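Chemist: Below, each chain spelled out in residue letters.
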Amino acid sequence: MSTNFREILADLPANLANHVKLCVIALVVGVLVSVPLGIYVNRVRWLRYPVLTVASVIQTVPGLALLALMVPLLVYTGGLGLGLSAFGFYPAVIALTLYSFLPILRNTVTGIEGVDPDMVEAARGVGMSQRQVLMEVLLPLSAPTIIAGIRTATVWVVGAATLATPVGQKCLGNYIFAGLQTKNWVMVSFGVVASAGLAIILDTAIGGLERAWSERRRKLAWISGGVLTTIVILGLIAPRIANWMQDEPPVVATGKVKPGEAKGVTSVRIGTKTFTEQYILAQVIAKSLRAAGVSTSVKDSLGSTVIFDALSRGTIDVYVDYSGTIWANYMKRRDTPAPWQVMAETTGWLAKQHGIRNLGNLGFENAYVLAMKRTKADKLGVKSIRDLAKHASSLKVGGDYEFFSRPEWRALRSAYGLRFSEKTSYDSTLMYEAVKEGNADVIAAFSSDGRIAAYDLALLDDPFNAIPPYDAILLVSKRVANDARVVRVLQKLVGQIKLGVMQRANLMVDRDSDKKTASQAADWLLQQFNR
Amino acid sequence: MIALNKISKSYDGGATHVVRDLSLTIGRGELIVLLGESGCGKTTTLKMINRLVDHTSGTIEVAGNDVRDRDPVELRRGIGYVFQGVGLFPHRTVGENVGVVPRLLQWPSEKIAARVDELLTLVKLEPGTYRDRSPAQLSGGQRQRVGVARALAARPDIVLMDEPFGALDPITRDELQTEYKRIHKELDLTTVLVTHDIMEALVMATRIAVMQDGAIAQLGTPHELLTNPTTDYVAELMKKPRQQASVIEALLEGGV
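Residue numbers (the working numbering), protein chains in the order written: chain A, 1 to 531; chain B, 1 to 256.
Next comes chain A alone, as it looks inside the complex:
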């Protein structure tokens, strides 16, 4: 637990600083757009309804979806025509800025409308220009309402920013997403408390500044202003420092670049999807590279389509994917030939279509397999999916969030004529608990998950080969593929990790007692290489 906590704290500077940066920029842009727009709408009355409606509609889009939608938006518009990266900071900050509009806009409009018309007439009567009426009377008098809107936006944005993790932006959400996947509740709670704390501090500081101003309290102004300025400066400067600190330096100083040899890759960015095995393998890759003198940084918890796009665009350099996922989801293939053929065609397609190099199979497969409790399977006499089909109508099936919308599920149903009585999507961590506790009778498990053995689950055969093979393959970007030294290091991992070893490493992290961190599991896994 203490190691666990130390690891959590080690990530805090980078996660917090990036979180603050996202929120501060989103809110500053939000204020700079919404307040003038609110003023304009107040003058051009017919715009009021359409503008506020659009802002309200944006607000009703769930935060996670809004953030995720920014990725395709940026991809298809070429980064809004500005070449902004479709991963990480930009999609997150654009979504959060949009999110901040409604409260600020609405409060600006109602605040200005609420100013006594006699006050405006008095201002005009003493000879103020339209601009002076606005700056000297309308804005100061509606400031409390406008600032209340900014405070609401602040709380929303700080909370919603935790959802930036899956689009590849480091933030306090990294704790929440990684913690959920590895059943590390301390980590989840830490992320929640940190983001709530940040929201409260920002809200209080803005509120304090407003009170200091309206009540002319100088000391309060200094304190609140100081807190706010510190946070803003931290958000703008600290991410560089923190990212640099987290960008772990090589363990061993490397040999000098030989004359005539092209300058090699000095830092490798590793991506992970959102489950335990991915976190462990990222650490295995990072530790191997650092031991060879290459510095690394890890982008945690990327959405499964985001990570593939990120690699093909070179936003990250390396990650582990599974041949069947590429085959079914990206190549849109519906047939399932022999594993070697899937592997060969996948490798060719990746290289040709995306410039991605497949370094090879790490040595195990992590396939979707239908699993049920052994006692239940024995009682029903089910050994294969064909046997299962006879009983399916009285059974409940569970899968992870994406399984039921994946082509594999359609293939399974049509191959075996499966009709279940009920189907439920679970968080992949909770799915195993569901089958253990009997809430689901059958689950679409991952074959490399340690809980299959731990919970005594029976894996059902797939005699019709409806599900393609899922060899764990090491994919690298063009940039890294061209660096022979890094490729040599990574190739040493190929074929090294056997299924049993991966399952045990996964279980170390996922089990409820004597939990290990992903980094500790990676250390253990690397020790197995030398045997």
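I should point out that these hints are in silico values taken from the structure, not numbers from a laboratory.
The structure displayed is predicted, hence computed values, not measured ones.
One or more of the hints may lead you astray.
Some, not all, of what chain B presents toward chain A, calculated at C-beta under 8 Å [said to hold, decoys possible]:
1. 76
2. 91
3. 100
Glycine included, C-beta positions come from ideal geometry on N, C-alpha and C.
Chain A is already provided as a structure; the job is to place chain B on it using the hints.
Modeler: Only chain B this time, still in chain A's reference frame:
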């Protein structure tokens, strides 16, 4: 000083008129009262003088210049204005309220500070005590004193007053009326004051313009109006103070 020549105001393209063909010449040093019921067009007439409302037809001259040739913002800065609801800015101190026009005119700050103190003294508010207070901390009468001081800040020759003392209690009202008459004389101002209060008109005016349905029913000194009303409406109006006086007399005689 101010010449209104056949001015009209219509908000609906000429179908109805709030003010119709109104002419009035106001000489230097006069204190003209526009007297009438609500809706008679008296406030609109006042606001057309400093272009808070633009007139539809006719001409308005202020100090010999057609107001249409002047920038409205500039014009207003040169004319003092006292508002019906006082109209002090609640987020500013008393001193800042009084100094607002000089500040808009970009006077140097020492000059503004000196002027603010001078004006607060003129309206009998001790500058040291009141300068830094917020308007919310003042009584209604004190607030209107500040309103008057603000109108005078940039040394205008003309002051426009829109029911300035309407919301005050009778004693304070009386006090302020008397005091404003003193200031008016002392500073040699030309004042146009709008009211529906007949007593106020009689007490303060050099001349009264009784308005009815957007036009002047009769123009004259208080004495002329009382002694020689030319229309039934004016005659009816001028009876009121006397009726009130006789009620009071009766009460006094009855010893109640």
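Chemist: Now tell me, hint by hint, if it's right for this structure.
Modeler: Structure-based check of all given hints:
1. Annotation: interface hint on residue 76 (chain B) holds; nearest CB of chain A at approximately 4 Å, less than 8 Å.
2. Taking 8 Å as the C-beta cut-off, the interface hint given for residue 91 (chain B) holds, the closest approach to chain A being about 5 Å.
3. With its C-beta approaching chain A no nearer than about 6 Å, residue 100 (chain B) sits inside the 8 Å limit, and its interface hint holds.
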